[in-house]
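**Student:** Protein chains in written order, with my numbering: chain A, 1 to 337; chain B, 1 to 337.
Copies of the same chain look alike in the list, so a pair counts if it works inside one copy or between any two.
Here are the simulated lysine-lysine pairs, DSSO-like style, with alpha carbons at most 30 Å apart:
| no. | residue 1 | residue 2 |
| --- | --- | --- |
| 1 | Lys141 | Lys43 |
| 2 | Lys60 | Lys43 |
| 3 | Lys141 | Lys90 |
| 4 | Lys90 | Lys35 |
| 5 | Lys249 | Lys81 |
Quick caveat, the hints were computed from the structure, so don't treat them as lab data.
Now for the letters of each chain:
Number of protein chains: 2
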Amino acid sequence: MENVNLKKLAQTLNLSVSTVSKALQDSHEISQETKRRVLDLAKSLNYVPNPYASSLRRKKSKTIGVVIPEVTDSFFSLAIKGIESIVQPKGYHTLIYLTYESLAREQTILQEFQSGRVDGVIMSLSGETNRIGHLETLQAKGIPIVLFDRIFDEATMAQITTNDFESGYQATRHLIEQGCRRVAFLSLSDSLSISNQRLEGYKRALAESQIAAQDDLIVNGSREISQELIRTLLQSPQRPDGLLASVEKLAITAYQLCEELNLTIPDAVKIIAFSNLETASLLNPSLTTITQPAFDMGKAAAIALFRNLEKTYFDPQKESIVLPSLLVCRNSTRRCN
Amino acid sequence: MENVNLKKLAQTLNLSVSTVSKALQDSHEISQETKRRVLDLAKSLNYVPNPYASSLRRKKSKTIGVVIPEVTDSFFSLAIKGIESIVQPKGYHTLIYLTYESLAREQTILQEFQSGRVDGVIMSLSGETNRIGHLETLQAKGIPIVLFDRIFDEATMAQITTNDFESGYQATRHLIEQGCRRVAFLSLSDSLSISNQRLEGYKRALAESQIAAQDDLIVNGSREISQELIRTLLQSPQRPDGLLASVEKLAITAYQLCEELNLTIPDAVKIIAFSNLETASLLNPSLTTITQPAFDMGKAAAIALFRNLEKTYFDPQKESIVLPSLLVCRNSTRRCN
Numbered sequence: 001m002e003n004v005n006l007k008k009l010a011q012t013l014n015l016s017v018s019t020v021s022k023a024l025q026d027s028h029e030i031s032q033e034t035k036r037r038v039l040d041l042a043k044s045l046n047y048v049p050n051p052y053a054s055s056l057r058r059k060k061s062k063t064i065g066v067v068i069p070e071v072t073d074s075f076f077s078l079a080i081k082g083i084e085s086i087v088q089p090k091g092y093h094t095l096i097y098l099t100y101e102s103l104a105r106e107q108t109i110l111q112e113f114q115s116g117r118v119d120g121v122i123m124s125l126s127g128e129t130n131r132i133g134h135l136e137t138l139q140a141k142g143i144p145i146v147l148f149d150r151i152f153d154e155a156t157m158a159q160i161t162t163n164d165f166e167s168g169y170q171a172t173r174h175l176i177e178q179g180c181r182r183v184a185f186l187s188l189s190d191s192l193s194i195s196n197q198r199l200e201g202y203k204r205a206l207a208e209s210q211i212a213a214q215d216d217l218i219v220n221g222s223r224e225i226s227q228e229l230i231r232t233l234l235q236s237p238q239r240p241d242g243l244l245a246s247v248e249k250l251a252i253t254a255y256q257l258c259e260e261l262n263l264t265i266p267d268a269v270k271i272i273a274f275s276n277l278e279t280a281s282l283l284n285p286s287l288t289t290i291t292q293p294a295f296d297m298g299k300a301a302a303i304a305l306f307r308n309l310e311k312t313y314f315d316p317q318k319e320s321i322v323l324p325s326l327l328v329c330r331n332s333t334r335r336c337n
Numbered sequence: 001m002e003n004v005n006l007k008k009l010a011q012t013l014n015l016s017v018s019t020v021s022k023a024l025q026d027s028h029e030i031s032q033e034t035k036r037r038v039l040d041l042a043k044s045l046n047y048v049p050n051p052y053a054s055s056l057r058r059k060k061s062k063t064i065g066v067v068i069p070e071v072t073d074s075f076f077s078l079a080i081k082g083i084e085s086i087v088q089p090k091g092y093h094t095l096i097y098l099t100y101e102s103l104a105r106e107q108t109i110l111q112e113f114q115s116g117r118v119d120g121v122i123m124s125l126s127g128e129t130n131r132i133g134h135l136e137t138l139q140a141k142g143i144p145i146v147l148f149d150r151i152f153d154e155a156t157m158a159q160i161t162t163n164d165f166e167s168g169y170q171a172t173r174h175l176i177e178q179g180c181r182r183v184a185f186l187s188l189s190d191s192l193s194i195s196n197q198r199l200e201g202y203k204r205a206l207a208e209s210q211i212a213a214q215d216d217l218i219v220n221g222s223r224e225i226s227q228e229l230i231r232t233l234l235q236s237p238q239r240p241d242g243l244l245a246s247v248e249k250l251a252i253t254a255y256q257l258c259e260e261l262n263l264t265i266p267d268a269v270k271i272i273a274f275s276n277l278e279t280a281s282l283l284n285p286s287l288t289t290i291t292q293p294a295f296d297m298g299k300a301a302a303i304a305l306f307r308n309l310e311k312t313y314f315d316p317q318k319e320s321i322v323l324p325s326l327l328v329c330r331n332s333t334r335r336c337n
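The following block holds chain A by itself, in its conformation from the complex:
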């Protein structure tokens, strides 16, 4: 099928391209009769405006870029639903870009955004991201960014977070109250602000109970490296009696390792995880979680972004909010006698 463009419509109707364009935009300069002729033909030929050309004209893509590390974590798939709940009713499109925890990929994606492919960006940083020059460059080009969950402390942009410090503290306190004395902290990265906040909460809870934090109980690395480190920990004579997984995946890894090593949860080791897993209550044993307000965080990020897009003046500090997470106690941290 031949592509139908303005020129083709104009030729067929023996009108100028500019008249056809104005007719399609319902301009008052064009007569009703001409508008009707143009619209009828456009409809019958299945004419679609070229968004590249019209984006150049109106400088709007009506598209929001969502840049996240992955979609296998249930936190992110829920957050996307929250973002879409705001973006769709506004007539915007959401495009999802995955960084797979790579800073280089994140930089490439943002570099591409500089040219106007998206009107604004909602993002959660990759595990490798330890600097944000690429974000600042994009913002300086007039494309606003809102960060959620995995933020960057010094960033001067709206940031939607949950109470990671308090949650790390609360999770650790819960393990101690259930009888744990050697609590390990498991994370995938030491550059992420959220991991650090959770780790600080963990340390505070230990200190309050006069338990010394031990470096060998703090695990971080890629999933493969973490798996080996957790295995070594669980096989050591001084193995931990409690695990706090800062990432859902590491809780799954820990469950798999406990099965492999014949360690009973919660008797031999108790496990709590930051997680939005729909199957948390169905696991054997059911998993105690810190459940993040994933949907609401995505929603809040989209609201902040549109406020930014619709205003000429925007105060990122005022748009930054902290939504609380929830401790849900289940059997993986049950007290054993």
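For chain A, the structure is supplied; the task is to place chain B on it using the hints.
**Tutor:** Positioned in the frame of chain A, the structure of chain B alone reads:
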């Protein structure tokens, strides 16, 4: 910050826009000295080519649209990884569009593609999609589509599937062999080709064992409707002793309902599901699955799409392949004495 474009570069260097453009494209028409001057300035001003403008010129977006119903199902998140494993090394971008099982959304997304936002499309149909005029219109505009998993039988495009009929048959046979006599079939849609294939396999296995298929044991509807139908089934005096979930989510629903209704799996009811859940082996009890080759299906779809993009002639039949799924027996279908 002011946007730097070709015109700005040309003005600053006192060259024509066309000379600057050719210099940036390393044309042999331009001297080394001029190229060096242009590149140095472009670099120092942080010049980025406008992809809308250059897309109009070269008519390539170097972008593949991936249109899927959702990302909360682990099948799709794994399939995306398979797609990216081919798309990324080719220097293309992947954009993910979610239909949330809505035909109307799917049509809107494809309508937008007509204007050249993407070079090709990989898609898995929404649960509502019972006609594919929107796909045919897009293909007729020269934008190739490859379907995977949720295909449309009469479609004349490359289709990557798994052996849904055989898997439905095998899953049902497995339940019968484990002692089930009243097997229910659970799905989210009756328009999807894969659901029908699986249902046919289910019926064949029942027939082979001289078990009459019963309409009241075949459940389909939205997740909410299915949940109520499954609840009613499980509470009826003639409740099923086996459930075959055609969708991962419905297995989770079934587990939740069994817990709520105090029905022990696998004693009171056995459950098998089409699923790529990473937690399948950790559930209580561990879930017997038909595991689809999700990563390989995504990969195969991307390979077929690039073959299509790179050739002028393309035979969709030849590119269509069927990859086998795998039955993984676990405790949710254990024989009870």
